[in-house]
Amino acid sequence: EAQVTQNPRYLITVTGKKLTVTCSQNMNHEYMSWYRQDPGLGLRQIYYSMNVEVTDKGDVPEGYKVSRKEKRNFPLILESPSPNQTSLYFCASSRGAGYNEQFFGPGTRLTVL
Amino acid sequence: RKEVEQDPGPFNVPEGATVAFNCTYSNSASQSFFWYRQDCRKEPKLLMSVYSSGNEDGRFTAQLNRASQYISLLIRDSKLSDSATYLCVTNTGNQFYFGTGTSLTVIP
Chain A
378 EAQVTQNPRY LITVTGKKLT VTCSQNMNHE YMSWYRQDPG LGLRQIYYSM
428 NVEVTDKGDV PEGYKVSRKE KRNFPLILES PSPNQTSLYF CASSRGAGYN
478 EQFFGPGTRL TVL
Chain B
1005 RKEVEQDPGP FNVPEGATVA FNCTYSNSAS QSFFWYRQDC RKEPKLLMSV
1055 YSSGNEDGRF TAQLNRASQY ISLLIRDSKL SDSATYLCVT NTGNQFYFGT
1105 GTSLTVIP
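If you're matching them up, the sequences are chains A and B in order. Under the working numbering, think of the first position of the first sequence as 378, with each following residue one higher. Under the working numbering, think of the first position of the second sequence as 1005, with each following residue one higher.
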């Protein structure tokens, strides 16, 4: 089954404790992206990757890191989480930008205390 | 200024009604346009792409007006299962921009 998986689905952590949210897709997509969704602000792009070893900042990259060492995986790293990073996070993949459908993972609900 | 703006609603309509949503975008360099559907904080899913000539998919019709920089979605003969949040999305360069969504509830 074609899908994007994210782990964990739910996470409660404390300020400053490094964490990684994994994202994996099995569709051989070149484009992958991370979004955060907050009430009243919609989905905002954090980082995106056009291909392996190519990553770029989206609109809200501060406090996040990503890597794209393999085509299928695109982990999101929070080196020192803060309460303002409490949010619902979605990973997505597609064949490219432009008129390509993005397939989203199920989301990760993160709470930083 | 937000890249994409939508009326958040909510829109509450009876079954069988026709409902229309509009969305405006600020960047004239935007290249591609979409409507996504999101159910209750689940992952967004593509409803339809929006092309310059307008396009239709069953009960759903999407229009794009590049001169006025707005996108519309028309839903005819609303079903209970259409209840969701509808997200307007644009693509500029390699980035995607989402509106905050318009909430629709179809009432029996």
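Hints are computed from structural coordinates only; laboratory data are not their basis. For glycine and all other residues, C-beta sits at the position ideal for the given N, C-alpha and C. Worth double-checking, as some hints may not be accurate.
[Stated by the list, open to error] A few chain A residues that don't get close to chain B, going by computed Cβ distances all over 10 Å: (1) 414; (2) 433; (3) 436; (4) 441; (5) 442; (6) 465; (7) 479; (8) 490.
[As the list claims (entries may be wrong)] Stretch-level coverage of chain B by chain A, calculated; a stretch enters the list once three of its residues show a Cβ under 8 Å from a Cβ in chain A: (9) 1047-1058; (10) 1092-1104.
Hint by hint, which ones does this structure get wrong, listed from lowest number up? When the structure is compared with the hints, numbers 1, 2, 3, 6 and 7 turn out to be violated.
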